[in-house]
Amino acid sequence: MTWGQIAALAGLGAFHGLNPAMGWLFAVARAMQERSRAVLVKSLPPIALGHLASVAIVAAVVSATSSVVAANIVGIVGGVVLVGFGLWRLLSERHFRWAGMRLSSAQLAGWSFLMSSAHGAGLMLLPVLATTPVVSGEHSGHAMPGAASGALEGIAAAGVHTLAMFAAMAACAFVVYEFVGVNILRRAWFNMDRVWAGVMVGAGALTIALSA
Amino acid sequence: MTRWTPDPTFYPSPRDAAGAPAEQLAYVAAFDRSAQKPDAIAVVDTDAGSDSYGRVVGWTDLPHTGDELHHFGWNACSSALCPTAPHPHVERRYLIVPGLRSSRIYVIDTKDDPRAPRIVKEIPAEELAAKADYSRPHTIHCGSDGIYVSALGNGRDGGGPGGIAVLDHTTFDVRGQWEAERGDQSLAYDFWWHLTRDVLVTSEWGTPDMIEDGINPELLLGRRYGHRIHFWDLAKRTLVQSVDLGDQYQMTLELRPAHEPSKEYGFVGVVVSVEDLSASIWMWHRDGGEFQVTKVIDIPAEPAATDDLPPALQPFGAVPPLVTDIDLSVDDKFLYVSCWGTGELKQYDVSDPFHPVEVGSVRLGGIVGRVPHPSFPDEPLAGGPQMVEVSRDGKRVYVTNSLYGSWDDQFYPDGVGAWLAKIDVGGSGGLTLDPRFFPHGDEFRGLRVHQTRLQGGDASSDSYCFPSA
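Line by line, the protein sequences are chains A and B. Just so you know, we're using my numbering here: the first sequence kicks off at 1 and counts up by one. Just so you know, we're using my numbering here: the second sequence kicks off at 1001 and counts up by one.
Rather than coming from a laboratory, the hints here were simulated on the basis of the structure. Heads up, a few of these hints could be off.
Which residues of chain B face chain A? A few of them, derived with a C-beta cut under 10 Å, are [what the hints assert, rightly or not]:
(1) Thr1002
(2) Asp1016
(3) Thr1170
(4) Leu1195
(5) Phe1231
(6) Lys1236
(7) Thr1238
(8) Val1357
(9) Gly1360
(10) Ser1361
Using N, Cα and C, we set each Cβ at its ideal position, and we do this for glycine too.
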């Protein structure tokens, strides 16, 4: 991975982490319900783990595929998928459905996995994963042969992404729980779903442009 | 289309909601008992500074007849902020309005002209029956994963089981039956929940064939109407526990759980005890693993001369209070109890839910009393305070006077009329009728009035996922 890729992965991670729907708000609600900061702290790792799993699957598949197939084909196909998914998210008003609130840590990780997957979190990394970075030699993933190492590289990318996601999520959860209070949501909860979908369409278009 | 910021009527916690601005309009379900004219939603001006304050300022007539509008609710509410499936950028704009007799459900858009809401969708009875096997839709609550609708009967023959159907948040299509495992539950009526505890509570009235032709004395004295409440796992959709209050306690109706998400108690009203015609309020609370349900309020029958009573009550020589609706203020401090038989609205301080203290009372109408509104002292009133709705700030209470078409006719055989009264609440309790607010009689075009919903939400419309403190 290049520094540019790492920065892009981390930026997208922070973007995901900031979204209240991706988990920090759930951690805050659980902590408020039990009046316990410890609950807040304990809720964050399972949420990050679920996000990691969701992103890693996509990242591993994309990276492994681009190790054995011409990268521009992966980029174009992936980009089309991403634009399509983004447009669907943009135009559809259906939202993620889930009824229960009292979850074990494992269930919380499962919830986060489904939430991230339904929002196509992993797909958003496509431009970073599928495009060949313009760098001066050294070792990008393509120096290593085979699908397995490609997949490993994808998982590493997901890890970098999730670290940033975790940091952003923890910061939001902590600040809102300790200082600001959830009433801030009434004014500050910008419609992330729309921005999110817009980012997807943009990322897909960028991927196609860079690959073609 | 979704919004860029959350709908301003959504609040994370009850305390935030209690600070909401006063409602400008109220929506009132109005129905024609004869089923000759269409039912309607009446729009009433509740803005105290307006020239038309306390007047009916708009109507939405339905396209069919014989729906018998009853309860209704919003497409979305504060539960949209709940963190498991947040969607706070949808708008609270559609009223979901079931016909209790026709089983048809209307979706009515209040956004473009709040004084003349527009019907945008009809869900036919056949769809509710085919997809959820239910009929006679009743209570509406906006859940975090869909719109929940309770129904009194199955979709086939006027019998049980009644239960809950779920509608899609966006398309309003019937998604299906909610229950995965219902045990021996068959009777249904109201439902609500402790969202953050994954608990759903349901109550029992009777199946359509037990109620639609009027209250059946044989069934009542045979103790066949509902006398249990049920606790369900909201996530798994299974029945967890049923509590029988005793079969003398006939008809467990309205359920009012504490709004505060960290609390796990609530109140349920019982219409009548067949032993002494009293009514009662019970409180459920978690005790260890299980729910316990205890009686916390007893309201005795009032003796009356036989000549003053309708035929159905003459053998008893007394007026039953008939607690048909209760409502809990958003701050969980005051419980309002409608005594539709004796014509009284009672206010209890339930800060200690185990020990309610009566702190206010207003009398209007009543089977014997016929107490007039102070602004119209020459007009004896029929019916009594029935559906009660409380503003989010807890300062204003609205009551209408019809119970249910065929039952109105039995208890008020010379006509129940139609009225909507507004009551102002004192700081530490106490009730005063607002002399300027009393739409009644011809203002409602000969229709009877049932549930009131306040613009932006009210004490029985929203549930919250974040504790106040």
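So, going through the hints one by one against the coordinates:
1. Look at Thr1002 of chain B: its Cβ gets to within about 6 Å of chain A, closer than 10 Å, so that hint holds up.
2. The criterion of a C-beta within 10 Å of any C-beta in chain A is met by Asp1016 of chain B, whose closest approach is roughly 5 Å, and the hint holds.
3. Below 10 Å, beta-carbon pairs count as interface contacts, and Thr1170 of chain B has one with chain A at about 5 Å; its hint therefore holds.
4. Because the beta carbon of Leu1195 of chain B sits about 7 Å from the nearest beta carbon in chain A, less than 10 Å, this interface hint is met.
5. Taken as an interface hint, Phe1231 of chain B does not check out: its beta carbon lies about 14 Å from the nearest beta carbon of chain A, beyond 10 Å.
6. The restraint placing Lys1236 of chain B at the interface with chain A holds, with a minimum CB-CB distance near 8 Å, inside the 10 Å limit.
7. A distance limit of 10 Å between C-beta atoms decides the matter here; for Thr1238 of chain B the minimum to chain A is near 12 Å, and the interface restraint is violated.
8. The closest approach between the C-beta of Val1357 of chain B and any C-beta of chain A is roughly 28 Å, which is over the 10 Å cut-off, so the hint fails.
9. Because the beta carbon of Gly1360 of chain B sits about 31 Å from the nearest beta carbon in chain A, more than 10 Å, this interface hint is broken.
10. Restraint check, Ser1361 of chain B versus chain A: the minimum CB separation of about 35 Å is more than 10 Å; hint violated.
Checked against the numbered hints given earlier, this structure breaks hints 5, 7, 8, 9, 10; the rest are met.
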